[in-house]
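S.K.: Note that the protein sequences, when read in sequence, are chains A and B.
When the letters of the first sequence are read in order and numbered with numbering that gives the first Met the number 0, they come out as residues 0 to 314.
When the letters of the second sequence are read in order and numbered with numbering that gives the first Met the number 0, they come out as residues 0 to 314.
Worth double-checking, as some hints may not be accurate.
It does not matter which identical chain is meant; a pair holds if it fits inside one copy or across any two.
[Said to hold, decoys possible] With a straight-line cut-off of 27 Å between C-alpha atoms, the simulated DSS-like cross-links for lysine-lysine are:
| # | residue 1 | residue 2 |
| --- | --- | --- |
| 1 | Lys233 | Lys124 |
| 2 | Lys5 | Lys289 |
| 3 | Lys208 | Lys263 |
| 4 | Lys5 | Lys310 |
| 5 | Lys289 | Lys55 |
| 6 | Lys249 | Lys233 |
| 7 | Lys224 | Lys254 |
| 8 | Lys249 | Lys224 |
| 9 | Lys233 | Lys310 |
| 10 | Lys124 | Lys55 |
| 11 | Lys249 | Lys310 |
No wet-lab data here; the hints were simulated from the structure.
There are 2 protein chains.
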Amino acid sequence: MENRIKALFGIRYPLVQGGMVWCAGWELAAAVSNAGGLGLIGSGSMSAEELRRQIKACRAATKEPFGVNVPLMNPRAESQLEVVLEEGVDIVFTSAGDPSRYTPHLKAENVRVCHVVSSSRFAMKAVRAGVDAVVAEGFEAGGHNGREETTSMVLIPAVCRAVDIPVIAAGGIATGRQMLAAFALGAEGVQMGTRFVASREASCHVNFKRKVLELGEGDTMLALKSLQPVRLVKNEFFEEINWAETHGVKAEELKKILGQGRSKKGMFEGDLEQGELEIGEVAALVDEIKSAGEIVRDIVSEFEIELNRMKTLHL
Amino acid sequence: MENRIKALFGIRYPLVQGGMVWCAGWELAAAVSNAGGLGLIGSGSMSAEELRRQIKACRAATKEPFGVNVPLMNPRAESQLEVVLEEGVDIVFTSAGDPSRYTPHLKAENVRVCHVVSSSRFAMKAVRAGVDAVVAEGFEAGGHNGREETTSMVLIPAVCRAVDIPVIAAGGIATGRQMLAAFALGAEGVQMGTRFVASREASCHVNFKRKVLELGEGDTMLALKSLQPVRLVKNEFFEEINWAETHGVKAEELKKILGQGRSKKGMFEGDLEQGELEIGEVAALVDEIKSAGEIVRDIVSEFEIELNRMKTLHL
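Chain A extracted, bound-state conformation:
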């Protein structure tokens, strides 16, 4: 069976590392790509010039394909995409925004474009915009999230039914077993964010990495539903935001509480109570900080063991 995600990106394993804000710098992206997955630099926290520096460093650290994740709602998205083109990066994952805005231009420059969606409707919109693949991201995922709250178990088959281009599953996936489940649902690749936050190469603060190991079921929750939903660790910052939101505080005030610095304070500076900590539900299954290469190898190995187990299955 031909795997279109491996073919599209020219990679050994159809395993993409999420471009998480404050976590996915060049060290992580290069390590994942060197291990046979697809590493992504997460540009969300970077100025255009910082992104340029990161791309150069990544290229120096790996000969394998890597890409850049660009959240389209970021005011810096346009200048970041210019840097991406100037530096000759030919794989871009876009998220949180309208895929029709930049996809035609990127495609004209021979960039492979993949867009993150939370519904079949958005997946079809991405297809019309001309993307090469979509990431179907379920409710359990960390970071920004869809309003419809469709979970991976339902979203993956729904998106696979709606579009003919290859689908990468994201949300709730951190193990080889979960990767296999995503393939059973029709995905041809997976994207993992949370698992790689707890990696040696992630650029976030070690306090945040250790926090991920401690998290159990129910320790994250979708917040900011009136503004833009995001899955957060339930810490003091979350309680503050959540109280404000459930007591009718308006969008403008919420934005003030959020400020610009709270995600940096949490994930980069390691303030586990006053900072904003974005992470997926699957943190409950992540118990060890490993190197990114080890993570890729362990997932592939578990996938193969579980696939062999499935082969002995019958009803």
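Assemble chain B onto chain A, guided by the hints.
M.R.: Relative to the frame of chain A, chain B by itself:
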């Protein structure tokens, strides 16, 4: 590979039909059991004497094993369990309550007991209570739901890791592909509610069955989080409840709006706007009313086709 769910219940396929309130009468339970799955009578909407009548009718309609689902928070739970024992039913699924209250007594009477849980912690509590199996029910499921909002993709492996007894996966499962994904995650059986609501034998109103076919992604939402979370169709009743809840209306007032009759009005009498309609996210993938036997056969067939597809998979 031995399947402990098949062995536990003496059934052909490890496919359990949910005991949904107003939907799961004896006709549905008998049809599922006759097709090789495990049918359950949903006692939630029944008086003890109505339950007795349903059990007798089910027994007359099938020679195969069947069971009864008893929501433990129901004030009638104790009298229902008495009827179950008097009528010699030896399979009971309990939900929404403390498993330690009745499990020892049921086990002493040689009843096989399975308890529905929404977390690993509750699963371990059920094991201590002595149950034979647990249903791990994710956030995407219809009806009453956990507070931690853990989805099936994360919950199934988490519960499988936490307990040694067999795990039945529920929430977001209506197809053979999804059943296979649940097995990849470690489950040995699945429970499907939503899929069987859209069956000819379901005892709910045909308006509700047809409504299930129309539902798309995002058309259900978890409501009543301050009282007891329940996944509902977003109709006028939902908007009323949701407005009240997000505007600080207290629990006692919410209970009044709910009344006793709103779920009957919706699911049994077919009032699609003023009634309470409980259904899972996976309704988005259910497009046809079929007989329960056809549903079981189609799921088993798709499971086998997809399993064969998986056998050709390699990384």
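S.K.: Look at each hint and say if it fits the structure.
M.R.: Right, here's what the structure says about each hint:
no., hint, result
1, Lys233 - Lys124, "between (33 Å within a copy, 24 Å between copies)"
2, Lys5 - Lys289, "within (24 Å within a copy, 39 Å between copies)"
3, Lys208 - Lys263, "within (14 Å within a copy, 49 Å between copies)"
4, Lys5 - Lys310, "both (23 Å within a copy, 18 Å between copies)"
5, Lys289 - Lys55, "within (25 Å within a copy, 58 Å between copies)"
6, Lys249 - Lys233, "both (21 Å within a copy, 24 Å between copies)"
7, Lys224 - Lys254, "both (13 Å within a copy, 25 Å between copies)"
8, Lys249 - Lys224, "both (12 Å within a copy, 22 Å between copies)"
9, Lys233 - Lys310, "neither (40 Å within a copy, 41 Å between copies)"
10, Lys124 - Lys55, "neither (33 Å within a copy, 53 Å between copies)"
11, Lys249 - Lys310, "neither (54 Å within a copy, 53 Å between copies)"
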